Amino acid sequence: MKAATNAGRLVSQVLTGEVWPALADRHGYRVGPDGQPFVLPGMGGVTLGVHCGDPATGYAADHLEPGASIRHADPAANMAVQFLTCVGNQVTVASGPASGHAGHVIGQHAYVLADFAEDVAATLSTGDAVTINAVGQGLRFADHPSIVLKNCAPGLLERMPGGTTQDGRLEMHVAARIPAEAIGAGVGMISEYANTDLMGAYQSLGADLSLGLESLRVGDIVAMADQDHRFGRGRRPGYLTIGVISTGQCMLFGHGPGPSTLMSGPAEAFRLVDDADANLASWYHDVDHRRESTGQ
Amino acid sequence: MNAGLAAVAVNMLGTVEHPELGDSPYRVDSDGAPYVPVGDGGLVLGLRLGDSVFAFDGDHAAPGACLTHRDEAARHALVLYSCIGNEAEVRTGAVAGARGAVLGKRGENGRVIVGFGAGDLARMRPGDEVSVRARGQGLRPAWLPAGVMVLNMDPDLLAALEVGSGTAQLAGISVRVRTMLPSPLAGNGLGRPAVGWDLDLQLGAGDDEDLRLGDLVAITDIDARYNMGYRRGWVTIGVAVHGSSPLPGHGPGITPILTGPRARLEARADGENHVGLTDALLKLQ
Numbered sequence: 000m001k002a003a004t005n006a007g008r009l010v011s012q013v014l015t016g017e018v019w020p021a022l023a024d025r026h027g028y029r030v031g032p033d034g035q036p037f038v039l040p041g042m043g044g045v046t047l048g049v050h051c052g053d054p055a056t057g058y059a060a061d062h063l064e065p066g067a068s069i070r071h072a073d074p075a076a077n078m079a080v081q082f083l084t085c086v087g088n089q090v091t092v093a094s095g096p097a098s099g100h101a102g103h104v105i106g107q108h109a110y111v112l113a114d115f116a117e118d119v120a121a122t123l124s125t126g127d128a129v130t131i132n133a134v135g136q137g138l139r140f141a142d143h144p145s146i147v148l149k150n151c152a153p154g155l156l157e158r159m160p161g162g163t164t165q166d167g168r169l170e171m172h173v174a175a176r177i178p179a180e181a182i183g184a185g186v187g188m189i190s191e192y193a194n195t196d197l198m199g200a201y202q203s204l205g206a207d208l209s210l211g212l213e214s215l216r217v218g219d220i221v222a223m224a225d226q227d228h229r230f231g232r233g234r235r236p237g238y239l240t241i242g243v244i245s246t247g248q249c250m251l252f253g254h255g256p257g258p259s260t261l262m263s264g265p266a267e268a269f270r271l272v273d274d275a276d277a278n279l280a281s282w283y284h285d286v287d288h289r290r291e292s293t294g295q
Numbered sequence: 000m001n002a003g004l005a006a007v008a009v010n011m012l013g014t015v016e017h018p019e020l021g022d023s024p025y026r027v028d029s030d031g032a033p034y035v036p037v038g039d040g041g042l043v044l045g046l047r048l049g050d051s052v053f054a055f056d057g058d059h060a061a062p063g064a065c066l067t068h069r070d071e072a073a074r075h076a077l078v079l080y081s082c083i084g085n086e087a088e089v090r091t092g093a094v095a096g097a098r099g100a101v102l103g104k105r106g107e108n109g110r111v112i113v114g115f116g117a118g119d120l121a122r123m124r125p126g127d128e129v130s131v132r133a134r135g136q137g138l139r140p141a142w143l144p145a146g147v148m149v150l151n152m153d154p155d156l157l158a159a160l161e162v163g164s165g166t167a168q169l170a171g172i173s174v175r176v177r178t179m180l181p182s183p184l185a186g187n188g189l190g191r192p193a194v195g196w197d198l199d200l201q202l203g204a205g206d207d208e209d210l211r212l213g214d215l216v217a218i219t220d221i222d223a224r225y226n227m228g229y230r231r232g233w234v235t236i237g238v239a240v241h242g243s244s245p246l247p248g249h250g251p252g253i254t255p256i257l258t259g260p261r262a263r264l265e266a267r268a269d270g271e272n273h274v275g276l277t278d279a280l281l282k283l284q
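As they're listed, the protein sequences go chains H and L. All residue numbers for the first sequence refer to numbering that gives the first Met the number 0, where the first residue is 0 and numbers rise by one. All residue numbers for the second sequence refer to numbering that gives the first Met the number 0, where the first residue is 0 and numbers rise by one.
Don't read these hints as lab results, they were simulated from the structure. Possibly wrong hints are sitting among the right ones.
Said to hold, decoys possible - Far from chain H by the CB rule (all over 10 Å, computed), these chain L residues:
no.: 1; residue: Arg47
no.: 2; residue: Pro154
no.: 3; residue: Ile172
no.: 4; residue: Asp222
no.: 5; residue: Asn226
Claimed, not checked - Listed below are several chain H residues computed to face chain L (Cβ distance under 8 Å; list not exhaustive):
no.: 6; residue: Val30
no.: 7; residue: Gly34
no.: 8; residue: Tyr58
no.: 9; residue: Asp73
no.: 10; residue: Ala179
no.: 11; residue: Glu180
no.: 12; residue: Met198
no.: 13; residue: Leu210
no.: 14; residue: Glu213
As the structure is a computational prediction, the values presented were derived from the model and not from experiment. The beta-carbon is built from N, C-alpha and C at its ideal position, and this holds for glycine as well.
Here chain H stands alone, though its shape is the one from the complex (with noise of 0.2 Å):
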């Protein structure tokens, strides 16, 4: 049974925003795990070649973000884009040659980061306006009181399995199982910003610091262990943090692919099933090679 929610009390905020460049300094280099300099692209701008469903890693990038990395240029309006964008958003592009394509939101990097099909995507570029249907903060279960939903449209959760068991747990389908051990950068930053790097998947590099993450895909939903999302990002022994995958590769030490968080709650109020298949691709792959101009 789907979980009886809100939804229908939300409301939807109209926000804008551009396509942000990547940044850099004149410096060049960040440092690597083992001390090795690095000079990477990934993040900002428009990150092509990658999409939900894609390798997580395996890129020479760092801090991937896949499609295109959206900001306001008003640092009080891009707190609220940040704030109030929520992973299943739809994003249209409204200036440029790919004016009217639409995409989803996949998540936050201090940036909103939002997934189009390779061919729009390839027309997109710093300064392109987009504007964002935002709806899903303050989306709550009405039968899962200790389950807290974050950054999660309602249309992402009608899409996802699962839902009520008979039991009264909320069932929900992973790609991944994430350890305690491989939370990261992040922790300590409130949840409805950016996302919680993941340790242990830096593709190439030595066994000791590998935590069997490297075949994480982009878009994956992954359960994070001794995680508590509520309020901030923190560990709670107990607790589950469930999350998406927006963010890839990074060479920079303590950093890693990255999960967005979308809801967290005690690890009994859960049931959790292993689901390949648990990826936005999955829900989201019909809207990519389509203008729209409802749903979330």
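Given chain H, work out where chain L should sit, using these hints.
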């Protein structure tokens, strides 16, 4: 830096920070309750090295005066180059000329925590200028085992801790700490450079850890040579420099001073007999 290279000292200037808050007074604690943060930076009275990190209802409160610089780049340099044990001298205000010592550093935008005698500290105010004689980054004593790195430590203070000595490289060293903690307790600070950030420990008063300001603490499977992150078989040792925090993912923070493979850097838990960084060691009495 290779052993044998001469260290240089740099006089730097910091200003005692004034606390800053946003339009709302509230932060939200790990149980979802709003609270007004007290003691997060600036000049904090009433706590000293040796006090429990859980003894006060503050937020990241440190036992001394936090220094910053109004220029962002100068602030980063002040924090990066300052090391625990560095001498500090008040240049302006009611206690101009008073001596103190760096006892730790904090991350985000960066703060240097300077300890003073209690009488001097009580007469200082935000805006007072403090000079720090920064030295220690790049320190690599000849005895330091291969693969082990020392950071954020004044050379004289490192010598006083007696973790190693001599002109020959040692196969391994052993350091006495209050407690050893597993890597999942590492919180805010992961993924950030250990030369400029502290590492918060996700511990609260209910976790039954006897942890005091100035204690040496070991955290396993964390490599802090560059950014701080997970590496199996490693250990990082730091000094507890500020108290606990109600924020999720935060808690008492350590400034890392030693990091290396556990095969060559051993941490031994002293428990209740532990003595770490003290006012006496920093000549603050």
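Name the hints, by number, that the structure is in violation of.
4, 5, 8, 9, 14
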